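Asks: Protein sequences, first through last, are from chains A and B.
Here this note's numbering is used: position 56 in the first sequence is 56, and no number is missing along the way.
Here this note's numbering is used: position 202 in the second sequence is 202, and no number is missing along the way.
Treat the hints as calculated values from the structure; they're not laboratory data.
Everything numeric in this text was worked out from a predicted model, so none of it was measured.
Wrong hints could be hidden among the right ones.
Reference excerpt, derived from the structure (chain B facing chain A, CB under 8 Å, subset only) [as the list claims (entries may be wrong)]: (1) G151; (2) S192; (3) F252; (4) R254; (5) A266; (6) D272; (7) R275; (8) R330.
Taking lysine-lysine and the DSS-like style, the derived pairs with C-alpha atoms no more than 30 Å apart in a straight line are [unchecked claim]: (9) A:K174 to A:K76; (10) A:K382 to B:K150; (11) B:K274 to A:K323; (12) A:K130 to A:K68.
Where chain B lies over chain A, by a calculated footprint (3+ residues, C-beta under 8 Å) [claimed, not checked]: (13) 351-360; (14) 371-377.
Just so it is clear, CB atoms sit at the ideal spot from N, CA and C, and this is done for glycine as well.
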Amino acid sequence: MIELRDIGKTFPGVRALNGVTLAIGVPADKSGETIAPGEVLGLVGENGAGKSTLIKILGGVYAAGSFKGEVVVDGKVQAFRSTLDARRAGIAIVHQELALVSEMSIAENLMLGREPTRFGLVDRAELEAKARALLAPVLGAEADALDFQAPVDELGVGVQQCLEIARALADRAKVVVLDEPTAALSEAESEKLFALIRERRAAGDSFVYISHRLEEIAALCDRVAVLRDGELVEIVTPDTDLVPLMTGAVIPDRARARARDTATDTPTVLRVEGLRVAHPALPGRLVVDDLSFSVAAGEVVALAGAMGAGRTATLATLFGTAKRGYTGSVAIDGKPVALVNPRTAIAAGIAYVPEDRKALGLVLGLSVADNLALSALGRLSKLGVVDGASVEHSALARLRELSIKAPSLGAEVATLSGGNQQKVVIGKWLELAPRVLLLDEPTRGVDVGAKAEIYALVEELTSRGHAVVLASSDLPEVVRLADRVIVLREGKAAGELAGADITPIRIMQLAVGTVAAVLAQEALGEART
Amino acid sequence: MKLERSARTPRRAGDSSIWIMAGVLVLLWATLAVLPQTRGVFLTQGNLATLLVQSSVLLVISVGMTMVILIRGIDLSVGAGVALTGTVAALIQLKCHGSAPLAIVAAVAVGATIGAWHGWWAAHGIPAFVVTLAGFKAYRGGALVLSGAKGLSPMSDDFSLLARTVPLAPTIAIIVIALAAGIALTLRDATSRRRFNLAPLTSRVVALRIAAQVVLAGLVLWVFAERGMPVQVGIAGTVALWGIFVTKRTRFGRHLYAIGGNPDAARLSGIDVKRTTIGAYVIVGVLTAVAGVMLAARVNGVTPGSQGNLLELDAVTAVVIGGTALAGGRGSVVGTVLGTLVFATLANGMNHLRIDSNLQLIFTGLVLLAAVQISRGKRS
Chain A
1 MIELRDIGKT
11 FPGVRALNGV
21 TLAIGVPADK
31 SGETIAPGEV
41 LGLVGENGAG
51 KSTLIKILGG
61 VYAAGSFKGE
71 VVVDGKVQAF
81 RSTLDARRAG
91 IAIVHQELAL
101 VSEMSIAENL
111 MLGREPTRFG
121 LVDRAELEAK
131 ARALLAPVLG
141 AEADALDFQA
151 PVDELGVGVQ
161 QCLEIARALA
171 DRAKVVVLDE
181 PTAALSEAES
191 EKLFALIRER
201 RAAGDSFVYI
211 SHRLEEIAAL
221 CDRVAVLRDG
231 ELVEIVTPDT
241 DLVPLMTGAV
251 IPDRARARAR
261 DTATDTPTVL
271 RVEGLRVAHP
281 ALPGRLVVDD
291 LSFSVAAGEV
301 VALAGAMGAG
311 RTATLATLFG
321 TAKRGYTGSV
331 AIDGKPVALV
341 NPRTAIAAGI
351 AYVPEDRKAL
361 GLVLGLSVAD
371 NLALSALGRL
381 SKLGVVDGAS
391 VEHSALARLR
401 ELSIKAPSLG
411 AEVATLSGGN
421 QQKVVIGKWL
431 ELAPRVLLLD
441 EPTRGVDVGA
451 KAEIYALVEE
461 LTSRGHAVVL
471 ASSDLPEVVR
481 LADRVIVLRE
491 GKAAGELAGA
501 DITPIRIMQL
511 AVGTVAAVLA
521 QEALGEART
Chain B
1 MKLERSARTP
11 RRAGDSSIWI
21 MAGVLVLLWA
31 TLAVLPQTRG
41 VFLTQGNLAT
51 LLVQSSVLLV
61 ISVGMTMVIL
71 IRGIDLSVGA
81 GVALTGTVAA
91 LIQLKCHGSA
101 PLAIVAAVAV
111 GATIGAWHGW
121 WAAHGIPAFV
131 VTLAGFKAYR
141 GGALVLSGAK
151 GLSPMSDDFS
161 LLARTVPLAP
171 TIAIIVIALA
181 AGIALTLRDA
191 TSRRRFNLAP
201 LTSRVVALRI
211 AAQVVLAGLV
221 LWVFAERGMP
231 VQVGIAGTVA
241 LWGIFVTKRT
251 RFGRHLYAIG
261 GNPDAARLSG
271 IDVKRTTIGA
281 YVIVGVLTAV
291 AGVMLAARVN
301 GVTPGSQGNL
311 LELDAVTAVV
321 IGGTALAGGR
331 GSVVGTVLGT
341 LVFATLANGM
351 NHLRIDSNLQ
361 LIFTGLVLLA
371 AVQISRGKRS
């Protein structure tokens, strides 16, 4: 059993944690009988509530002495000096940010630090065999199809995340901390992960499960610890309504007011005809195959589908970043455009909010103001000289417009919470007033409150006449925001839904094929009970 | 409102390490001013003028080096480039009896071409380390081939003007004009904010900035009050001020930081990464030629085999001491100016202290490590 006793941590000017006491792993009852072999403890709270700080203390990222209180493993007070100490004590953490070596193969990544050797040489065959054995319970049949000698960066984020989880499980940890593990996973992959967690819990392992997806918390956890403003609010049963506890206020989850009548002749802003995009690595294969759709002014069209169905590839192509080019035609306001690089796309009136904001959306070492000015410096300068006052004026306008919470305009954007970082990524386009906004997983890793704000922002932008293309694996999000949904399967449009037809079940049926959908639905039903 | 208050003094990342370097420099100077061996020797107008002249060539190169290091690049060819561009200038003078302006223009054209060549490869994914390492070999060879491996001297009289000293009256005029420009820019910053109803810069901030400029100008004036300002120092100072302006105030400069911080995000924000990259290498190439011309004037000729030897590593040292990260995206030309001065002060001071030149190398190496440690510590 692992206990956190009266944990407190202060950063300059901010008290991140205050007096948090928490036991992980179900303790023995008074008679000494264990109640259950292991448990899944949910950890919820808005961004900034102290979850990350708590996890970093547990995992040895913050060394002993830099915080108040004690970390106790099986009754012994620990003094972790590094993450390695924590790992040795049986605490494995799967971070939100992936920690894989991108040039190394799948097999090497899985077996990093425990490579099997023969006569001092790495035994590649055994390496792959052991790696396969590790990944099979996480990915199932999909794992068999993977080329284990391929570099990990050829995999989608979802599969990479599975590798990380497999690696943590291989450490035979007493407690595995999963920080937003399903953020990048498709529904089917998530279900596999849940099954795996349940199996390991039955075998006596304990988990700390951090997620913004409260339905997952409800389906998976035995107990839920709610943090707010650095303090432990309460430990509750998973069927409790968590949102009021987390936010202190009730957030209305109303469906998007579908004011737009499809019969009215709102002008078409974006028209895509017969889009075909070649696979970046495999010649002869297509990631997008004959896709046609249009988006009207003020409309949100969502692209749904499983991982690798072509959602991100479509958006990236529309932003001019397809590695091997595309065929088909794209028109904006009726004018055909050639999208050969991001600059041509921006000139055509397209803006892109990429899936991975830290890698692709932000320059983390630069200030909030610099990031907000990133794509509009041309507009904010005269004869190549940047007008500092214009930059600040425009940045302040964005801060107000998007209610971005930042200590100052000069603060490094890396110090902002995930939700506020995401608002900066969206905000950097607004100076240019783009016609089309491409949003790829706009609320990934963002807390409940910021999520609602981003939804409100999308609605505000559409009311101003922007056309929005949304790619999202978060089905409630798609239902909430989309006027129409185009479901992709293996690069092709598997179907289109509009109005009341937009339901998670219908989307899933189209995305994975009917039989699989029924199975997945049953699994979901099972999870709920 | 909390936000408005803090927005009033936008603090940029990396500012604090500049103050540390400035502190280190002041400390060094103060120490050398009171140590028995250097008292009355170091902190004299004559010695400081010599120190500045000796660091002029390095400073010009380092300003360019800062820009390529900011975008995660490097230029290892600048030492050889100094030899090649100097050789071109000298040949035009000696073989073609060309005028000094012609020789300088030709050298700068060669420098710009070299820079464009590096930039083109770097922009197309070839590591700058490799491209410029090739140049490191090739340009030295080029200088030797062009000159027939012989020393070239002397330069013409008008070329040697670059090694002379500006008389006192124009020196004062130049410094006053630079000060006036700096004050005007500060005041313009303060007033231009009114256009958008931004919180005005506090009079304290404006006064502080102007006071700093006045103190700096006064210091420079004092150093050159006796004999006037050497042309070399004038050029280096101009290049440094230009470099500060370009990196801090121009679109190109801000793009350098964005590209160095995250090239993917920069590209996806519509920044022309290739053009900016090529631009940065052209700048370092041109500044290499300027340095090549300055050095040829100072030593009144070119020794193609050794002119500019190790300048590339001295420049990287100055840039890194000045707090610019080799990983890119962080640093400043102001830091590089301070780094160059620290570097030059150490050499000058250790000479006066009669420290063995071999020991000096060891000591300089340790200072480099310590400087990196300081800027790393500020970051985490």
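Asks: Starting from the hint list further up, note which numbers the structure goes against and sort them upward.
Replies: Hints 1, 7, 10, 12 contradicted; others consistent.
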